[in-house]
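Asks: As a plain string of letters, each chain reads:
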Amino acid sequence: MAISWKMPKWFFQLGSPRWFYDISSKLLPIFAVAAALLLLVGVVWGLAFAPQDYQQGNSFRIIYIHVPAAILAQSCYMLMAVAGAINLIWKMKVADMVAKSCAPLGASIAVLALATGAIWGKPTWGTWWVWDARLTAMLILLFLYVGVYSLHHAIENEVNAGKAGAVLSLVGLVNIPIIKYSVEWWNTLHQSSTFKVTERPAMPAEMWIPLLIMVVGFYCFFAVSLMLRTRAEILEREKRSGWVRDLVEAD
Amino acid sequence: MYFDSFADFIAMGGHGLYVWLCYGIAACVLSFNILSPLLKKRHFFNEQTRRLRRERRMAEQEQGTP
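Going line by line, the protein sequences match chains A and B. Just so you know, the first sequence maps onto residues 187 to 437 in my numbering. Just so you know, the second sequence maps onto residues 4 to 69 in my numbering.
Bound conformation, chain A alone (with noise of 0.2 Å):
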């Protein structure tokens, strides 16, 4: 006997742009207040309260950026690439539209995860790069974005681009393990993971706490720029429909 599954119903009004649009415009203020507290007091405890490391001295205060940039850089690709398969399978709007709003945010968080540890490892390991395992995996990150943000605006039918662009992010997914695992598998010069799901990290609780709340508070903005990318896209692509046109009426 064959088991029929439906999708429940909120996950197809999802790929309502107009739901998407209405709900955003309830969620932005919530994470957008969020992202500027946890930011803030993140950057504060971070800069001015944290002890200093006792091999690194000062610099190492970068870690208050370069962690979260790393880690939501690599969110954020995943998400570009749950949204691709979205849009392939059910064909969803919204989620090709999210999809394509990842793409340059990501290349920027990948930029400023590079340049921040480009800059951290000139007085800590004296140099500003090395073709190390994981610095080059993330650089691989940076291109498969570049290469998805291109996809999307190269080709002029929206539909075959966003086919295209989840391909290749399904494609490139492949990375994500690699660079998780990539301080394990090879001997490298990038220090492990700060944070693991199993264990305690190996750095004081005034050091880590902080770090704690600039990685949700990098979440948090990140949910307020995606959600800002996506209905600028809404809007650009429903522009014809009845509702957009009440809007620009009432602007």
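Don't take each hint at face value.
[Unchecked claim] DMTMM-like mimics (lysine to aspartate or glutamate), calculated; alpha carbons at most 25 Å apart, straight line: (1) K279(A) to E424(A); (2) K425(A) to D11(B); (3) K279(A) to E344(A); (4) K44(B) to E344(A); (5) K279(A) to E419(A); (6) K43(B) to E419(A); (7) K44(B) to E392(A); (8) K308(A) to E58(B); (9) K425(A) to D208(A); (10) K44(B) to D239(A); (11) K43(B) to E424(A).
Hints listed in this document are in silico derivations from the structure and should not be mistaken for laboratory results.
Put chain B on the given structure of chain A with help from the hints.
Replies: Showing chain B alone in chain A's frame:
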């Protein structure tokens, strides 16, 4: 406060340039990602309002000249 003075805080034990450069780049990247979609939205509304006005004017002109 971990530092003794404000000058110490800026100097970051000799690593000031690296630390502040990182935080500066982060501020630029984050604000770019918030401002760019907001500007895009503003631009969209301005453009659509102009288009709507133009369409309405053309409709009126058509009605005025039988």
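Asks: Mind listing which of the numbered hints don't hold for this structure, in increasing order?
Replies: Those not satisfied are hints 2, 7, 8 and 10.
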